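Colleague: All chains should be modelled from the sequences, with the hints used to inform the complete structure.
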Amino acid sequence: MTLGKVIGTIWATRKDDGLVGMKLQIVRPVGLDLQTKEGFFIAVDSVGAGVGEIVLIATGSSARMTEITKNKPVDAVIMAIVDKIDVAD
Amino acid sequence: MTLGKVIGTIWATRKDDGLVGMKLQIVRPVGLDLQTKEGFFIAVDSVGAGVGEIVLIATGSSARMTEITKNKPVDAVIMAIVDKIDVAD
Amino acid sequence: MTLGKVIGTIWATRKDDGLVGMKLQIVRPVGLDLQTKEGFFIAVDSVGAGVGEIVLIATGSSARMTEITKNKPVDAVIMAIVDKIDVAD
Amino acid sequence: MTLGKVIGTIWATRKDDGLVGMKLQIVRPVGLDLQTKEGFFIAVDSVGAGVGEIVLIATGSSARMTEITKNKPVDAVIMAIVDKIDVAD
Amino acid sequence: MTLGKVIGTIWATRKDDGLVGMKLQIVRPVGLDLQTKEGFFIAVDSVGAGVGEIVLIATGSSARMTEITKNKPVDAVIMAIVDKIDVAD
Chain A
1050 MTLGKVIGTI WATRKDDGLV GMKLQIVRPV GLDLQTKEGF FIAVDSVGAG VGEIVLIATG
1110 SSARMTEITK NKPVDAVIMA IVDKIDVAD
Chain B
1050 MTLGKVIGTI WATRKDDGLV GMKLQIVRPV GLDLQTKEGF FIAVDSVGAG VGEIVLIATG
1110 SSARMTEITK NKPVDAVIMA IVDKIDVAD
Chain C
1050 MTLGKVIGTI WATRKDDGLV GMKLQIVRPV GLDLQTKEGF FIAVDSVGAG VGEIVLIATG
1110 SSARMTEITK NKPVDAVIMA IVDKIDVAD
Chain D
1050 MTLGKVIGTI WATRKDDGLV GMKLQIVRPV GLDLQTKEGF FIAVDSVGAG VGEIVLIATG
1110 SSARMTEITK NKPVDAVIMA IVDKIDVAD
Chain E
1050 MTLGKVIGTI WATRKDDGLV GMKLQIVRPV GLDLQTKEGF FIAVDSVGAG VGEIVLIATG
1110 SSARMTEITK NKPVDAVIMA IVDKIDVAD
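Protein chains in written order, with the working numbering: chain A, 1050 to 1138; chain B, 1050 to 1138; chain C, 1050 to 1138; chain D, 1050 to 1138; chain E, 1050 to 1138.
These aren't lab readings, by the way, just hints derived from the structure by calculation.
None of the values given here were measured: they were computed from a predicted structure.
Careful: at least some of the hints might be erroneous.
[Unchecked claim] Dumping the calculated SDA-like pairs for lysine to any residue here, alpha-carbon to alpha-carbon at most 20 Å: (1) Lys1119/B with Ile1117/C; (2) Lys1086/D with Ile1056/D; (3) Lys1119/D with Gly1097/D; (4) Lys1133/B with Val1100/A; (5) Lys1072/D with Ile1134/A; (6) Lys1072/E with Thr1051/D; (7) Lys1133/E with Thr1085/E.
[Said to hold, decoys possible] What the simulated footprint calls covered on chain B by chain A, stretch by stretch (three residues with Cβ under 8 Å from a Cβ of chain A suffice, anywhere in the stretch; the number is not a length): (8) 1050-1057; (9) 1084-1097; (10) 1100-1110; (11) 1127-1134.
[Stated by the list, open to error] Which residues of chain B face chain C? A few of them, derived with a C-beta cut under 10 Å, are: (12) Ala1061; (13) Thr1062; (14) Asp1065; (15) Asp1066; (16) Ile1075; (17) Arg1113; (18) Thr1118; (19) Asn1120; (20) Lys1121; (21) Val1123; (22) Asp1124.
The beta-carbon is built from N, C-alpha and C at its ideal position, and this holds for glycine as well.
Modeller: Printed below as a string of structure tokens:
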């Protein structure tokens, strides 16, 4: 899984029926210092994550293993909101 | 998922039976400013996306979760046409 | 999916039973100008693609969705031979 | 699979029900000399790997093939703790 | 699929039950000239490939499609030993 920060939302009217009701969040990857990095991707929100929150993202077929994404054409899901990061590095 | 812009179409006569009737669109990745970036890939269209439109693409096994791509040998699908992008970054 | 050009063939006698009878083609990625790029990968041919042909390749679990690759340990399949590329870019 | 070193832990209260009870470890990739490299990812621990240990990680759908990750929205799992590396290179 | 050269072996005592009895080989990617390149990954051997041999590797869910890797938490498998490479490039 990767860490990211929610920075916005995508809106689409014409879409696969499986996407109806899903929130499509724009996510930037972040480092362990929580600073955003280059790039972004779109992930379905399954935990009510809002803009500015640090989240955990699962990709690939594993993105379909939450209740709302089951059998849906989505390849990235926000499945946790991060509270704390302990690094011993 | 990633954002892209449809820039063209691929035509193939000799192909797996599962591809018959599918529209194979050429997609360039775009940034949040909707400008195209380097590179391209081919994705099956499931929502009637035409050249010039900004679309959302799912890849991997999730690309087979639309009605027309189910159990087909395709690893990228256009499953939404983007109306609006809200970025709070 | 990606575009590639078949540039050769791999031969293997000691292999998983599932690979018996499959043609293992060496493919180089190509740009929209059909010029080959750096790198290569190996893909199972499902459409009779010969050396020099421009082909469409599906990867990951989707590579197992053709009749000959079903349930086989292969992660890339040639599933179409490209006739024409229309780019409006 | 890839080799990594556990360098910390992620904590999340608001998360998919499937993640309850799972330990989310922060892993840095390592070379064959066991020195850490740039980057990191989050993997579920299935073998009791602690901070500082060198581990083997499986990603993608294969990350769901351990008892604790079955059908869960996780795309990386620590499934072995490395004892010894023999390189003949 | 990719080409690689087996350069060593990983040993692990504490591991997922599904890995018992599997040989975990260290593989470096090779070019068409069979020279090793930067990087390495770990793959389960399904064909008796020894150190120094040039092999074909399948990754992702396809790595679970050999008899010994079925339903196991492994994402890369050596499923052929390469005899010959014909390149017309």
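Colleague: Next, verify each hint and record whether it holds.
Modeller: So, going through the hints one by one against the coordinates:
no., hint, in the structure
1, Lys1119/B with Ile1117/C, "holds (18 Å)"
2, Lys1086/D with Ile1056/D, "holds (12 Å)"
3, Lys1119/D with Gly1097/D, "holds (17 Å)"
4, Lys1133/B with Val1100/A, "holds (16 Å)"
5, Lys1072/D with Ile1134/A, "holds (12 Å)"
6, Lys1072/E with Thr1051/D, "holds (15 Å)"
7, Lys1133/E with Thr1085/E, "holds (17 Å)"
8, 1050-1057, "holds (count 3)"
9, 1084-1097, "holds (count 3)"
10, 1100-1110, "holds (count 5)"
11, 1127-1134, "holds (count 7)"
12, Ala1061, "holds (4 Å)"
13, Thr1062, "holds (5 Å)"
14, Asp1065, "holds (4 Å)"
15, Asp1066, "holds (8 Å)"
16, Ile1075, "holds (6 Å)"
17, Arg1113, "holds (6 Å)"
18, Thr1118, "holds (9 Å)"
19, Asn1120, "holds (6 Å)"
20, Lys1121, "holds (6 Å)"
21, Val1123, "holds (6 Å)"
22, Asp1124, "holds (4 Å)"
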